[in-house]
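Trainee: Residue-level listing of the chains:
There are 2 protein chains.
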Amino acid sequence: MILTGNLLIGRASVPGTQAEIRAINPATGESLDPPYHGGSTSDASRACELAEAAFPFYRETSLEERATFLDTIASQIEALGDALIERAMAETGLPRLRLEGERARTCGQLRLFAGVVRSGEWLDVRIDPALPERTPMPRADLRQRHVALGPVAVFGASNFPLAFSVAGGDTASALAAGCPVVVKGHSAHPGTSELVGRAVQKAVAECGLPEGVFSLLFGSGRVVGQALVADPRIQAVGFTGSRSGGLALMATAQARPQPIPVYAEMSSINPVFLMPEALQGRGKEIAEGFVASLGMGAGQFCTNPGLVVGIRGEALDIFIEAAAEAVKGSSAQTMLTPGIHGAYRDGIGQLAGEAREIARGQAGSGPCQCQATLFATTAADFLGSEALQAEVFGASSLVIECSDAAEMRAVAAALEGQLTATLQMDDGDLEASRLLLPILERKAGRILANGWPTGVEVCHAMVHGGPFPATSDSRTTSVGSAAIHRFLRPVCYQGLPGDLLPEALRDDNPLGVRRLVDGKREA
Amino acid sequence: MILTGNLLIGRASVPGTQAEIRAINPATGESLDPPYHGGSTSDASRACELAEAAFPFYRETSLEERATFLDTIASQIEALGDALIERAMAETGLPRLRLEGERARTCGQLRLFAGVVRSGEWLDVRIDPALPERTPMPRADLRQRHVALGPVAVFGASNFPLAFSVAGGDTASALAAGCPVVVKGHSAHPGTSELVGRAVQKAVAECGLPEGVFSLLFGSGRVVGQALVADPRIQAVGFTGSRSGGLALMATAQARPQPIPVYAEMSSINPVFLMPEALQGRGKEIAEGFVASLGMGAGQFCTNPGLVVGIRGEALDIFIEAAAEAVKGSSAQTMLTPGIHGAYRDGIGQLAGEAREIARGQAGSGPCQCQATLFATTAADFLGSEALQAEVFGASSLVIECSDAAEMRAVAAALEGQLTATLQMDDGDLEASRLLLPILERKAGRILANGWPTGVEVCHAMVHGGPFPATSDSRTTSVGSAAIHRFLRPVCYQGLPGDLLPEALRDDNPLGVRRLVDGKREA
Numbered sequence: 076m077i078l079t080g081n082l083l084i085g086r087a088s089v090p091g092t093q094a095e096i097r098a099i100n101p102a103t104g105e106s107l108d109p110p111y112h113g114g115s116t117s118d119a120s121r122a123c124e125l126a127e128a129a130f131p132f133y134r135e136t137s138l139e140e141r142a143t144f145l146d147t148i149a150s151q152i153e154a155l156g157d158a159l160i161e162r163a164m165a166e167t168g169l170p171r172l173r174l175e176g177e178r179a180r181t182c183g184q185l186r187l188f189a190g191v192v193r194s195g196e197w198l199d200v201r202i203d204p205a206l207p208e209r210t211p212m213p214r215a216d217l218r219q220r221h222v223a224l225g226p227v228a229v230f231g232a233s234n235f236p237l238a239f240s241v242a243g244g245d246t247a248s249a250l251a252a253g254c255p256v257v258v259k260g261h262s263a264h265p266g267t268s269e270l271v272g273r274a275v276q277k278a279v280a281e282c283g284l285p286e287g288v289f290s291l292l293f294g295s296g297r298v299v300g301q302a303l304v305a306d307p308r309i310q311a312v313g314f315t316g317s318r319s320g321g322l323a324l325m326a327t328a329q330a331r332p333q334p335i336p337v338y339a340e341m342s343s344i345n346p347v348f349l350m351p352e353a354l355q356g357r358g359k360e361i362a363e364g365f366v367a368s369l370g371m372g373a374g375q376f377c378t379n380p381g382l383v384v385g386i387r388g389e390a391l392d393i394f395i396e397a398a399a400e401a402v403k404g405s406s407a408q409t410m411l412t413p414g415i416h417g418a419y420r421d422g423i424g425q426l427a428g429e430a431r432e433i434a435r436g437q438a439g440s441g442p443c444q445c446q447a448t449l450f451a452t453t454a455a456d457f458l459g460s461e462a463l464q465a466e467v468f469g470a471s472s473l474v475i476e477c478s479d480a481a482e483m484r485a486v487a488a489a490l491e492g493q494l495t496a497t498l499q500m501d502d503g504d505l506e507a508s509r510l511l512l513p514i515l516e517r518k519a520g521r522i523l524a525n526g527w528p529t530g531v532e533v534c535h536a537m538v539h540g541g542p543f544p545a546t547s548d549s550r551t552t553s554v555g556s557a558a559i560h561r562f563l564r565p566v567c568y569q570g571l572p573g574d575l576l577p578e579a580l581r582d583d584n585p586l587g588v589r590r591l592v593d594g595k596r597e598a
Numbered sequence: 076m077i078l079t080g081n082l083l084i085g086r087a088s089v090p091g092t093q094a095e096i097r098a099i100n101p102a103t104g105e106s107l108d109p110p111y112h113g114g115s116t117s118d119a120s121r122a123c124e125l126a127e128a129a130f131p132f133y134r135e136t137s138l139e140e141r142a143t144f145l146d147t148i149a150s151q152i153e154a155l156g157d158a159l160i161e162r163a164m165a166e167t168g169l170p171r172l173r174l175e176g177e178r179a180r181t182c183g184q185l186r187l188f189a190g191v192v193r194s195g196e197w198l199d200v201r202i203d204p205a206l207p208e209r210t211p212m213p214r215a216d217l218r219q220r221h222v223a224l225g226p227v228a229v230f231g232a233s234n235f236p237l238a239f240s241v242a243g244g245d246t247a248s249a250l251a252a253g254c255p256v257v258v259k260g261h262s263a264h265p266g267t268s269e270l271v272g273r274a275v276q277k278a279v280a281e282c283g284l285p286e287g288v289f290s291l292l293f294g295s296g297r298v299v300g301q302a303l304v305a306d307p308r309i310q311a312v313g314f315t316g317s318r319s320g321g322l323a324l325m326a327t328a329q330a331r332p333q334p335i336p337v338y339a340e341m342s343s344i345n346p347v348f349l350m351p352e353a354l355q356g357r358g359k360e361i362a363e364g365f366v367a368s369l370g371m372g373a374g375q376f377c378t379n380p381g382l383v384v385g386i387r388g389e390a391l392d393i394f395i396e397a398a399a400e401a402v403k404g405s406s407a408q409t410m411l412t413p414g415i416h417g418a419y420r421d422g423i424g425q426l427a428g429e430a431r432e433i434a435r436g437q438a439g440s441g442p443c444q445c446q447a448t449l450f451a452t453t454a455a456d457f458l459g460s461e462a463l464q465a466e467v468f469g470a471s472s473l474v475i476e477c478s479d480a481a482e483m484r485a486v487a488a489a490l491e492g493q494l495t496a497t498l499q500m501d502d503g504d505l506e507a508s509r510l511l512l513p514i515l516e517r518k519a520g521r522i523l524a525n526g527w528p529t530g531v532e533v534c535h536a537m538v539h540g541g542p543f544p545a546t547s548d549s550r551t552t553s554v555g556s557a558a559i560h561r562f563l564r565p566v567c568y569q570g571l572p573g574d575l576l577p578e579a580l581r582d583d584n585p586l587g588v589r590r591l592v593d594g595k596r597e598a
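First to last, the sequence lines map onto chains A and B. Counted from 1, the first sequence has number 99 at position 24 by my numbering; the numbering is strictly sequential. Counted from 1, the second sequence has number 367 at position 292 by my numbering; the numbering is strictly sequential.
One should not assume that every hint holds.
Claimed, not checked - No more than 16 angstroms apart at the CA atoms, straight line, and that leaves these computed lysine to aspartate or glutamate pairs for EDC-like: (1) 403/B - 363/B; (2) 359/A - 400/A; (3) 595/A - 199/A; (4) 595/B - 196/A; (5) 403/A - 429/A; (6) 595/A - 196/B.
In case anyone wonders, no lab produced these hints; they're calculated from the structure. None of the values given here were measured: they were computed from a predicted structure.
Turn these sequences into a full structure, and let the hints guide you.
Mentor: See below:
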């Protein structure tokens, strides 16, 4: 498939007119063809116009139609074959195996949502039948279902060129909910984005859906993105990226005449708590697991373990020594973009001024090569410094030495919101963990024991979310089947004649969905 | 029970130190004893401190403990006896029957949420068991439950001194979710608020809960309210009131270092669509129903039908004539406060400058007496005027004369978000209604056929919500059992030892809750 360098607006392939965007192979510094040109605000407006035009039809597609569409997107992405993997490798510096795994996750995610759509549980059908004889007042017939919010703007993430980009989690859950999607592709991987975008375009056509169900825009700077979020036809926003980027979108969304929800996943340092007995018994083993998690994907995971909290002493020293050895032995890796690489260098430079450097990984020779870095500091210094609490995107982590378990809890209590919090614990740590758990529950969307936060399972129980600033809205998740609820709202129908009721709410339950009738679950 | 005029901060009864707040009997203009003095920002801070201290315990109370607490509040409110009704009558000018009904609704609401808590469905338990043999990667054990957000600030509404005030819907749903509540009582009914607040205080003591589970503050102006919303311990806000008040709270909540959700119910004109055949066949009967709904509670319902849309012609003329007769015959009613009465007079004064006045109800002689008022205008004029689309709180409504069904739809499409939209329709109107319905679904939280929007059933299928500016968050409801979801967030537990898991998530399901296991519903 030959890349065009164009925007995809509905079924059209349109050359951009704004500043050029060039993918750069971060491993070589080589600039990749074709050039992409950013969309204008009128391109954004046209995409929103088509999305709005598609919405009345798309939101009322049958469960089976919509599920088939999601399945078709997955098949079309697979049909891109190795060209997709090769382009993504060139644009991101990520290795083949990782990208093949990410493609499998992306397609699995689409198919998971197809299943979610088919089940109809997301409709949350509730029926309170009329009680005409009730005194002192009769009750009308009342029925509730959920409906789609409207067109959604999705921002592709840099660090998951497939799973959180053009047809990633936000797109899949919004389409599942019945919302047309306008994606702003990330400028770091426009070719990968175009390939996936064309796969979605094909699926739209194959399924006979209105073209506006999907568009893909590019744009450097914030012009196109802000135009999308400000567009009155956009009704929700999905974003994964920097804290400053997320805050800017939140501000724009709130300043609209009609404010809209923004689901921004922004910043997390994912603390790991080394509980005393675990640290004592298997500190070296934990250190190896930790450094493996730290280095995964060159540390460019939202769930990268950027903080390790333990009690000062011999066991912690042994852990630090083992972790330092592993870090020193770790190879340099290619980061996604020169910008991300530069920010990582700046970030560890700042940390170096505030904490003591324990170890640094092997130097690389390419232009975007990063070395894993390990720092340490005391709890007192950590608690006194905002800089030490800020996320450094990349394979950098900070060990916090606490005087006792109470100080570990104080560190936990002082943290900002997180995507994850991890306990390394053994049986003897149960009571100490029990004291820590309620603190962590208020800080994080996911709590792990004896695992590592990198690697987010796409399933029903997953929560990839958490209190601000991990995300802008702790009430939802961006990964897993529950993400569909982000793009829905309830509507109640009172006394409607059966012929006017949506199919989901009819007495004979033609969709066969589970219902809450008069407060009781139907079998 | 003798009123103290005090703030209730935890278990303490504390005199306020700020400007005096005096309830006024709107029917007589008489100022009522005792004087209340507003709380200071340090009172607000103290209430939040207690709420925060109570939270770790309260959020983990058992289902039965929390349900019993809600039941106990209802019993304690009932135990206040007629003193509550008499004080509420004096403070609001609302008639006895209405307030007795509202008390029943308030207590019923608390007991409904007790049932919701007991069922445990709100936990939304999901379990994805470990798959250690899965290739290429094993799956960890993943479990999800919902937890309470944290302390909640609730603002009492003027127009429901019981059902949307101190122990009203927002308080009941927040307490049900496991959130301590700090109420700012409405200055129009401080005595009613104190009585109910003391009933809640008693229930807290009777149930052996930490005192900070509930506090009640007073304050004129916005100082105490803004202090509550800005307090870092407050994690969500429930508000029913004016658009300007709601927007101010939203701005404060967004400007916090950690933004929090605000559930503000603000403004709705609740359009009623007179479909041609219904208008033709029973215009007079509809007119009577309409004027009865319009005048209910002196028009001081959020769901008051402030807009009637029909097609110009003889049938609409007959409807207008009948409605005008009914309005002219309607008695003056006492509005809640001099301020609300003044705003109503200003509002109908403005309408009178832009639309033609059709009828006005009978004049009253007391200080806060309002006359129902009916206006009419053309669709073209309505579509061209923002003022005509603004809510006038009170028994005022505007008939829009359209040239045809298409123009009715254009009016519907131009509306802001609404709590309700109503169709008056007969069998022959089915096709025209089918065209209107998708437009209304995007505008309103509840759609009625052949009923009236006033009178909101507290049940499972109810949606009292809707797109902005009806509310600040269309994804939820403020009335009905689904309101509990406003105050919850999901947490995922990965690989936790059984001994550390919350009860709701244990293998043996000790709470007996319905669970989604590996994506399948357990029987």
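Trainee: Need the list of violated hint numbers for this structure, in ascending order.
Mentor: As far as the earlier hints go, only 5 is violated by this structure.
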